[in-house]
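Asker: Residue numbers (this note's numbering), protein chains in the order written: chain A, 25 to 134; chain B, 266 to 380.
None of these hints come from the bench; they were simulated from the model.
One thing to keep in mind: the hints can contain errors.
Unchecked claim - Below 25 Å or equal to it, Euclidean Cα-Cα: the simulated PhoX-like pairs (lysine-lysine) are:
(1) A:K93 to B:K368
(2) A:K87 to B:K322
(3) B:K368 to B:K348
Claimed, not checked - Just a sample of chain B residues kept apart from chain A, beta carbon distances all over 12 Å, derived:
(4) E280
(5) S287
(6) R309
(7) Y312
(8) D319
(9) Q376
Note that beta-carbon positions come from the ideal geometry of N, C-alpha and C, so glycine has one too.
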Amino acid sequence: EDQVTQSPEALRLQEGESSSLNCSYTVSGLRGLFWYRQDPGKGPEFLFTLYSAGEEKEKERLKATLTKKESFLHITAPKPEDSATYLCAVRNSGNTPLVFGKGTRLSVIA
Amino acid sequence: DGGITQSPKYLFRKEGQNVTLSCEQNLNHDAMYWYRQDPGQGLRLIYYSQIVNDFQKGDIAEGYSVSREKKESFPLTVTSAQKNPTAFYLCASSPRGRGGSEKLFFGSGTQLSVL
Numbered sequence: 025e026d027q028v029t030q031s032p033e034a035l036r037l038q039e040g041e042s043s044s045l046n047c048s049y050t051v052s053g054l055r056g057l058f059w060y061r062q063d064p065g066k067g068p069e070f071l072f073t074l075y076s077a078g079e080e081k082e083k084e085r086l087k088a089t090l091t092k093k094e095s096f097l098h099i100t101a102p103k104p105e106d107s108a109t110y111l112c113a114v115r116n117s118g119n120t121p122l123v124f125g126k127g128t129r130l131s132v133i134a
Numbered sequence: 266d267g268g269i270t271q272s273p274k275y276l277f278r279k280e281g282q283n284v285t286l287s288c289e290q291n292l293n294h295d296a297m298y299w300y301r302q303d304p305g306q307g308l309r310l311i312y313y314s315q316i317v318n319d320f321q322k323g324d325i326a327e328g329y330s331v332s333r334e335k336k337e338s339f340p341l342t343v344t345s346a347q348k349n350p351t352a353f354y355l356c357a358s359s360p361r362g363r364g365g366s367e368k369l370f371f372g373s374g375t376q377l378s379v380l
C-alpha cells in the first residue's frame, strides 16, 4: 500500500528564516511526486511535479528535491505570504489516484 | 475562464437527509475525483471516475454515492448512512495520459456541516 508521511506537522518560522519540509514515501513504482499549497478554506494549488531521484525544481522562494525515499521542499527567506499548508502526494505505476500526506502547516511570522 | 466549479461553498445537512454536492469542470478532463479533508488531516479519496458512465470507490466510499453521466459533471451525494459527514469536500480533475503523471486541478471546496 502506498504511503506518504510529512514532517513536521506544523512549523513556525520568522520571516527570512530558511527551512525545509520533509515528505517520506513508499510506493510501488513512482510515476510522480506532487507538491501542493493549500490556503485555509480553499482548494490545493499545484506547485511541482518530480519524476525521478535527483530531480530539482524551483519557483520563487521554493525548491523541491527528490530522492528514492523522500522529497524536500526548501523554503528560502520565507515571507508571511508563504504561510499555508503544504501537501505532498504520490502516484504509483498502476496509475491509481494520488495518495496524499497529511500536510505541513507553515506559519511565517513578520 | 477554464476551471473547476464546486457549489455550494457551504452546506448544512439535517439528520437523516441526503445532500448533493455539485462539481463541474470545463477543462475537458477525462478523470474526476472527490476527496474529503478533515481538520489536520490529508485528503482522503471517496470516489473517482476516469471515463463517463464509470466510477470506482476510493478509500472511504461508505455513505457516499456518485454519478458520471456527463464528462463535465461529477456530483457527490452524501447519504444519511454517512454518520460523520462534517468535513471539507474537494473535487478535482485531471487529463488522462499515458504516464500517470498528470497533476490534479482542484475546485475551491464545499464545507459540509451537520445541523
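Asker: If a hint holds in the structure, say so; if it does not, say that too.
Answerer: Tested hints:
Between K93 (chain A) and K368 (chain B), the direct Cα distance comes to roughly 20 Å. Compliance with the 25 Å bound is thereby established for this hinted pair. Between the alpha carbons of K87 (chain A) and K322 (chain B) the distance comes to roughly 35 Å, so the proposed pair goes past 25 Å and is violated. With a C-alpha separation of about 32 Å, the suggested pairing of K368 (chain B) with K348 (chain B) is violated against the 25 Å cut-off. Its beta-carbon lying about 25 Å from the closest one in chain A, E280 (chain B) satisfies the requirement of being farther than 12 Å from that chain.
Distance to chain A confirms S287 (chain B) as a non-interface residue, since its nearest Cβ pair spans about 14 Å, more than 12 Å. At roughly 8 Å, the least C-beta separation between R309 (chain B) and chain A is not larger than 12 Å, which violates its mark as non-interface. Listed as outside the interface, Y312 (chain B) is inconsistent with that label: its C-beta sits roughly 10 Å from the nearest C-beta of chain A, within the 12 Å cut-off. No beta-carbon of chain A comes within 12 Å of the beta-carbon of D319 (chain B); the shortest separation is about 14 Å.
The non-interface label for Q376 (chain B) is inconsistent with chain A: the shortest C-beta to C-beta separation is roughly 7 Å, within 12 Å.
Violated hints, listed in ascending order, are 2, 3, 6, 7 and 9; each of the other numbered hints is respected by the structure.
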